[in-house]
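Colleague: Based on the provided sequences and hints, a complete structural model is requested.
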Amino acid sequence: MSGQLLEIIIFATVAIILCNKLISLVGKTSERTDDEQSFFGEKDVIKDITYTEVLKDFNDFTQKNSLNPLEDLINLENKDLILKNYEALKRILPEFNMKKFLLNSKKALKIILENRESEDTLLLKLIDKRYLKDFKKFSRENYTKINSKNLENLDSMSSKISEICLFGNNVFIKVIYSKKDFISKEQIFNEEWTFSKNTSLENKIWFLNQIEKI
Numbered sequence: 002m003s004g005q006l007l008e009i010i011i012f013a014t015v016a017i018i019l020c021n022k023l024i025s026l027v028g029k030t031s032e033r034t035d036d037e038q039s040f041f042g043e044k045d046v047i048k049d050i051t052y053t054e055v056l057k058d059f060n061d062f063t064q065k066n067s068l069n070p071l072e073d074l075i076n077l078e079n080k081d082l083i084l085k086n087y088e089a090l091k092r093i094l095p096e097f098n099m100k101k102f103l104l105n106s107k108k109a110l111k112i113i114l115e116n117r118e119s120e121d122t123l124l125l126k127l128i129d130k131r132y133l134k135d136f137k138k139f140s141r142e143n144y145t146k147i148n149s150k151n152l153e154n155l156d157s158m159s160s161k162i163s164e165i166c167l168f169g170n171n172v173f174i175k176v177i178y179s180k181k182d183f184i185s186k187e188q189i190f191n192e193e194w195t196f197s198k199n200t201s202l203e204n205k206i207w208f209l210n211q212i213e214k215i
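Residue numbers (the numbering used here): 2 to 215.
None of these hints come from the bench; they were simulated from the model. No experiment lies behind these values; they were computed from the predicted model shown. Be a bit skeptical, because a hint or two may be false.
What the hints assert, rightly or not - Restraint ranges, calculated between C-beta atoms of paired labels, are given here:
1. A89 x S185: 36 to 44 Å
2. N116 x L77: 31 to 39 Å
3. K101 x F168: 35 to 43 Å
4. E115 x I215: 20 to 28 Å
5. I215 x K108: 15 to 23 Å
6. I215 x K111: 13 to 21 Å
As the list claims (entries may be wrong) - Only pairs whose alpha carbons sit at most 25 Å apart, straight line, appear in this in silico DMTMM-like list of lysine to aspartate or glutamate:
7. K80 x E164
8. K161 x D182
9. K130 x E203
10. K107 x E72
11. K214 x E142
12. K108 x D156
13. K100 x D73
14. K85 x D182
15. K214 x E193
16. K138 x E88
17. K138 x E96
18. K138 x E213
19. K107 x E193
20. K161 x E120
21. K111 x D135
22. K91 x E153
23. K126 x D182
24. K130 x E115
25. K181 x E153
26. K161 x D121
27. K101 x E142
28. K134 x E96
29. K107 x E96
30. K107 x E153
Glycine is no exception: its CB is placed at the ideal position from the N, C-alpha and C atoms.
Modeller: Here it is as C-alpha cells:
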C-alpha cells in the first residue's frame, strides 16, 4: 500500500507541474496576441467567418444605450450613416476600435506634420503614394508657419469621425481635426483628413489620401 500511495503522489505532482506549465504558456500566448497590433489599433491577424457575435454585441449595445458613447467620437450631423457604415466595417474588421483609431490617427497627424519636409520614403509609410505630390503642395501652402511648439499642443486637438465609406475592398474614414489658437490666437486649425486601407491585404496599415480645409 505504501508503494502505491507513493506512486499516486508522484503522478499527482507531475500532473500539477504540467498543468502550471500549460497555464503559463497560454498566458504568454494571449499577451503576445494582444500586442500584435497595427498603428491604428487592430490586431494583425483577424479571423472570423460569420462575425455574428461582433454584430450581436454591437446591436445589443446600441439598443440598450440611448446615449451611445460612440456619439462622442463622431460628427452628429452625419450620425446615422456613420453608425450604419461602422456596423458594416465591423463585419470586415471585427477588431476595429473607433476610439483607438482616433487616438492613433492623431499620432499619425503629428508625425506627418513633423516630417512634412522629410524624404519621400518616410512620408510614404503613412501617406498614399498617389497623394504625396498633392500633400507636399498643400503643406507648402498651409503648414510653413507650424513649429515644434505648435505640435506639442496637438494633444488638446479635437478629433471626430465625419464619414465612413466602404467601396469594395477599400475603406475610407474621414476625421475632422479642430483646434483654436493653433499657430496664433487668430488662427484656427480646422481640417478634414481622409485615411484609407485595402482590406484584402494582410497588413493593417492606414494611409492618408486627402486633406481638405473646412
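Colleague: Please go over all the hints and tell whether each is borne out by the structure.
Modeller: How the hints compare with the structure:
1. The beta-carbon spacing between A89 and S185, approximately 41 Å, falls within the hinted interval of 36 to 44 Å.
2. Remark: the range hint 31 to 39 Å for N116 to L77 is upheld by a beta-carbon distance near 33 Å.
3. The given range of 35 to 43 Å is broken by K101 and F168, whose C-beta atoms sit roughly 23 Å from each other.
4. Distance hint for E115 and I215: a CB-CB separation of about 22 Å, consistent with the stated range 20 to 28 Å.
5. The hinted range of 15 to 23 Å is satisfied by I215 and K108, whose Cβ atoms lie roughly 21 Å apart.
6. Taking 13 to 21 Å as the suggested C-beta distance range, the pair I215 and K111 conforms, at roughly 19 Å.
7. A C-alpha spacing of about 9 Å is found between K80 and E164, which places the hinted pair at or below 25 Å, so the restraint holds.
8. Proximity of K161 to D182 is assessed by CA-CA distance (about 19 Å); at most 25 Å being required, the pair is judged to hold.
9. Between K130 and E203 the alpha-carbon distance is near 19 Å, which keeps this suggested pair within the 25 Å criterion.
10. Between K107 and E72 the CA atoms are separated by roughly 18 Å; this keeps the pair inside 25 Å, and the hint holds.
11. For the suggested pair K214 and E142, the alpha carbons sit about 12 Å apart, so the restraint of at most 25 Å is met.
12. For the hint linking K108 to D156, the alpha-carbon distance of about 9 Å falls within 25 Å, and the restraint holds.
13. Restraint check for K100 and D73: satisfied, since their Cα atoms lie roughly 9 Å apart, inside the 25 Å limit.
14. Restraint check for K85 and D182: the C-alpha separation of about 34 Å exceeds 25 Å, so the hint is violated.
15. For the hint pairing K214 with E193, the CA-to-CA distance comes to about 6 Å; that is within 25 Å, so the pair holds.
16. Taking the CA atoms of K138 and E88, the gap is near 36 Å; set against the 25 Å cutoff, the hint is violated.
17. The hinted pair formed by K138 and E96 fails the criterion: a straight-line CA distance of about 35 Å is larger than 25 Å.
18. Of the supplied pair hints, the one linking K138 and E213 holds, its CA atoms being roughly 13 Å apart against a limit of 25 Å.
19. Using a Cα cut-off of 25 Å, the hinted pair K107 and E193 holds, with the two alpha carbons roughly 12 Å apart.
20. At roughly 29 Å between alpha-carbon atoms, K161 and E120 are farther apart than 25 Å, so this suggested pair is violated.
21. With a C-alpha separation of about 18 Å, the suggested pairing of K111 with D135 holds against the 25 Å cut-off.
22. This hinted pair does not check out: K91 and E153 have alpha carbons roughly 33 Å apart, beyond 25 Å.
23. Between K126 and D182 the alpha-carbon distance is near 29 Å, which puts this suggested pair outside the 25 Å criterion.
24. With a C-alpha separation of about 18 Å, the suggested pairing of K130 with E115 holds against the 25 Å cut-off.
25. Our distance criterion of 25 Å between C-alpha atoms is met by K181 and E153, whose separation comes to about 14 Å.
26. Restraint check for K161 and D121: not satisfied, since their Cα atoms lie roughly 28 Å apart, outside the 25 Å limit.
27. Taken as a hint, the K101 and E142 pair is broken in the structure, with Cα atoms around 30 Å apart against an allowance of 25 Å.
28. About 32 Å separates the Cα atoms of K134 and E96, which puts this hinted pair outside 25 Å; it is violated.
29. The hinted pair formed by K107 and E96 meets the criterion: a straight-line CA distance of about 19 Å does not exceed 25 Å.
30. Taken as a hint, the K107 and E153 pair is honoured in the structure, with Cα atoms around 12 Å apart against an allowance of 25 Å.
In terms of the numbered hints stated before, the structure departs from hints 3, 14, 16, 17, 20, 22, 23, 26, 27 and 28, listed from lowest to highest.
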